[in-house]
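Participant: Listed here are the chains, written in short residue letters.
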Amino acid sequence: MDRALWNIGKGVLTLFVVLGFIFLVAPLIVVIPLSFNAEPYFTFTEGMLRLDSEAYSLRWYRNIFESEEWLRAIQNSFFIGVFATVFATILGTLAALGLNDPRLPFRKFVGALIISPIVTPIIVVAVGVYFFYTDLGLGQTYLGIILAHAMIGAPYVVITVSATLANFDYTLLRAAASLGANPWTAFRRVQLPIISRGVITGALFAFINSFDEVVIVLFMAGLKQRTIPREMWSGIREEISPTILAVATLLILFVILVLITVELLKSFGEKHKLSAN
Amino acid sequence: MAAKHGIKSRIRPISLALPLVAFIAITFLMPLGNMIKESVYDAEVADALPNTMRLLNNWDGVELPTEEVFRALAEEIVVLQENRTLGKIGLRVNRVVSGTRSVWGKTARRVKGIETDDMITTMVEIDDRWSDLMLWQGIKKAGQRYSAKNYLQAVDLTRGEDGSISRIDEGRRVYNTLYVRTLYVATVVTLLCLVIGYPIAYAIAHTPPTLSKILLLCVLVPFWTSLLARATSWIVLLQSQGVINDFLVWIRIIPDDGRLSLIYNMTGTLIAMTQNLLPFVVLPTYAVLSSIPPTYMRAAASLGANPVQAFLRVYWPQSLPGVASGCLLVFILSIGFFITPAIVGGTDGQLISNMIAYHIDTNHWGLAAAISVIVLLSVLILYVVFDRWVGVDKLKLS
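From first to last, the protein sequence lines are chains R and Y.
Numbering of the first sequence is given in my numbering, commencing with residue 1 and proceeding in unit increments.
Numbering of the second sequence is given in my numbering, commencing with residue 278 and proceeding in unit increments.
A portion of the hints provided could be inaccurate.
Restricting the straight-line Cα-Cα distance to at most 30 Å, the calculated cross-link-like pairs of lysine-lysine (DSBU-like) are [claimed, not checked]:
1) R:10 <-> Y:490
2) R:108 <-> Y:285
3) Y:383 <-> R:108
4) Y:383 <-> Y:417
5) Y:314 <-> Y:417
6) Y:314 <-> Y:365
7) Y:418 <-> Y:314
8) Y:490 <-> R:266
9) Y:417 <-> Y:389
10) Y:365 <-> Y:418
11) Y:285 <-> Y:314
12) Y:365 <-> Y:417
Residues on chain R that point at chain Y, a partial pick, calculated with CB under 8 Å [claimed, not checked]:
13) 30
14) 44
15) 98
16) 99
17) 114
18) 117
19) 208
20) 212
So, partial list: chain Y residues that the calculated Cβ filter (under 10 Å) puts toward chain R [said to hold, decoys possible]:
21) 297
22) 301
23) 303
24) 507
25) 508
26) 592
27) 614
28) 649
Hints are computed from structural coordinates only; laboratory data are not their basis.
Backbone N, C-alpha and C fix where the C-beta goes; we use that ideal spot for every residue, glycine too.
Just chain R, with the same shape it has in the complex:
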């Protein structure tokens, strides 16, 4: 009796977990087939359910690549994302190296300051940035958006590089120095290859962050600087067309690609560590 009750409990719990996972991923999964809908509806047509090939089409994808606005948005997203990531990665990596050195004064304070942009609600950041950058003449410019995105991206780089530095064996640098390497060579040839995993992971996170960011762009961007999420924002709020679903699908696939890269980097790093030992 007790055992039967226990099994029922376990079954209910398993069902609950499965439902939880469905809740988490269903929104992503449902969009993908619907983006191939031949009809301009947001729901499965009977043809789609019968797996009738006529019910599916690539027209919404064609729409994206034939629309001037979307093409410009894609271009803008990559342009802003790449520059913001470069700034964030250089500044973030240097800062992580400094931050992980116990000789840095006010370490805890500096660390808190550096991650403060990502713990501040994005709407508050956007309001501050909007007033200040507009006063400086950076409103409706690429530079303004790039600087703001670099600022919210750098903390991610600091966090991931710090994580790889936590396992870094500093005697390696001393060994390099004793073999005649100057500090720059020692950094470039010994430390950088080992922390590169953290640098690349951080750069990817900073890029995704810029790529998805819409609140700052909402206030700062003029018509010329509109990014993919900014176009989606208008698309959803004005007249929602299935083109949005196609864009959402591409974004989801893009994230999966990036995460697989990160995962591969991680396992590569683990192997690297093993062979170094």
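Mind docking chain Y on chain R? Use the hints.
Facilitator: Structure of chain Y alone, referenced to chain R:
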């Protein structure tokens, strides 16, 4: 400790950290400082009427201002009339003393080019409201560069003409309702994330490695997917002609004319925000759960505890650090959530951040800044709690 490191050895770490610290100071801290100033500073009237304001600052407020003050004001409003900026000033003063908008244009037109020794009488003849002390006090008040008026408005308070602070009429109290609603949503979303997220974290921590990796990816992909893509998906699922309603109608649980309204209201906000924030509970909880040695549960069982007892007395207490950090993070993030409620929230699912964006759009910058400062301070206080409790440096991304 400090004596151990000479100044020279500190140069390297300082010069490494300095570029980012300077960058963040300029691109982040200065904008925030400027925003705080914006919330208390308003120079519109002060800049438009510089001479009048200088003289009024020495005025006692008991008797009518002197001839000199009247003369300065007359000169300045004629200039403003020519620059077509008088209307804005009239509007600003009218917010302090209502029913005075028409005074300005009328007076400016009639005093233009007038030669008189007695400006007081001239102006009072044009409009007898110039003999009213209230109007002059209003001008003086509107001309103050620093004031707390945005903050008063942001918490539904108002300052009466005699300077006393009181609550505004019940029907117009929008902001306090929004703060309460935001806290309510944050609480409900946090609880939902805990209830749904804990079993998920448990499942990831206690399955074979291959399955566990796939399950973890199921958390990470939504975590990193664009909030707008996720909001779009929720529209597709929840709208009245959407996938869920269609399915329920199809299996005849609900009639076609009785479709559920799951979106563009509070329900939509709660559902979508819970999904958006779920990974923030799952990831730290999973990290802690996977470090609990399985031998502890076996030890508890061998000492006679049934599984429920073993869970409550042995497992749950050890998982608390991860759970606490996840929940607090979700609560903090909920307070500033903007995109999701804006898209799926309709009117009754809007939060305080949506009000900030509204005031930016309608050019009420001071008010937007004041509400932002209030949100920022609340979040800051919560972070201090967070740091005391679990440590901000424990934030992990993957």
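Participant: All the hints need checking, so say for each whether the structure fits it.
Facilitator: Now the hints, each set against the structure:
1. R:10 <-> Y:490: Distance of about 22 Å is within 30 Å: holds.
2. R:108 <-> Y:285: holds, 21 Å
3. Y:383 <-> R:108: violated, 62 Å
4. Y:383 <-> Y:417: holds, 20 Å
5. Y:314 <-> Y:417: holds, 20 Å
6. Y:314 <-> Y:365: Roughly 22 Å separates the two Cα atoms, so the pair holds.
7. Y:418 <-> Y:314: holds, 18 Å
8. Y:490 <-> R:266: holds, 13 Å
9. Y:417 <-> Y:389: Answer holds: residue 417 (chain Y) to residue 389 (chain Y) is near 23 Å, not above 30 Å.
10. Y:365 <-> Y:418: holds, 16 Å
11. Y:285 <-> Y:314: Distance of about 39 Å is beyond 30 Å: violated.
12. Y:365 <-> Y:417: Answer holds: residue 365 (chain Y) to residue 417 (chain Y) is near 16 Å, not above 30 Å.
13. 30: Holds - the Cβ of residue 30 (chain R) comes within 8 Å of chain Y, reaching about 6 Å at its closest.
14. 44: holds, 7 Å
15. 98: At about 3 Å, which falls below the 8 Å cut-off, the nearest Cβ of chain Y leaves the hint on residue 98 (chain R) intact, so it holds.
16. 99: Status holds, d = 6 Å.
17. 114: At 6 Å from the nearest chain Y Cβ, residue 114 (chain R) passes the 8 Å test, so the hint holds.
18. 117: holds, 5 Å
19. 208: Since the shortest Cβ distance to chain Y is 6 Å, the answer is holds.
20. 212: holds, 4 Å
21. 297: holds, 4 Å
22. 301: Residue 301 (chain Y) check passes; min Cβ-Cβ to chain R is 6 Å, inside 10 Å.
23. 303: holds, 9 Å
24. 507: At about 6 Å, which falls below the 10 Å cut-off, the nearest Cβ of chain R leaves the hint on residue 507 (chain Y) intact, so it holds.
25. 508: holds, 7 Å
26. 592: Constraint on residue 592 (chain Y) not satisfied, violated at 14 Å.
27. 614: OK, holds: residue 614 (chain Y) within 10 Å of chain R, min 8 Å.
28. 649: holds, 5 Å
Of the numbered hints listed earlier, those contradicted by the structure are 3, 11 and 26.
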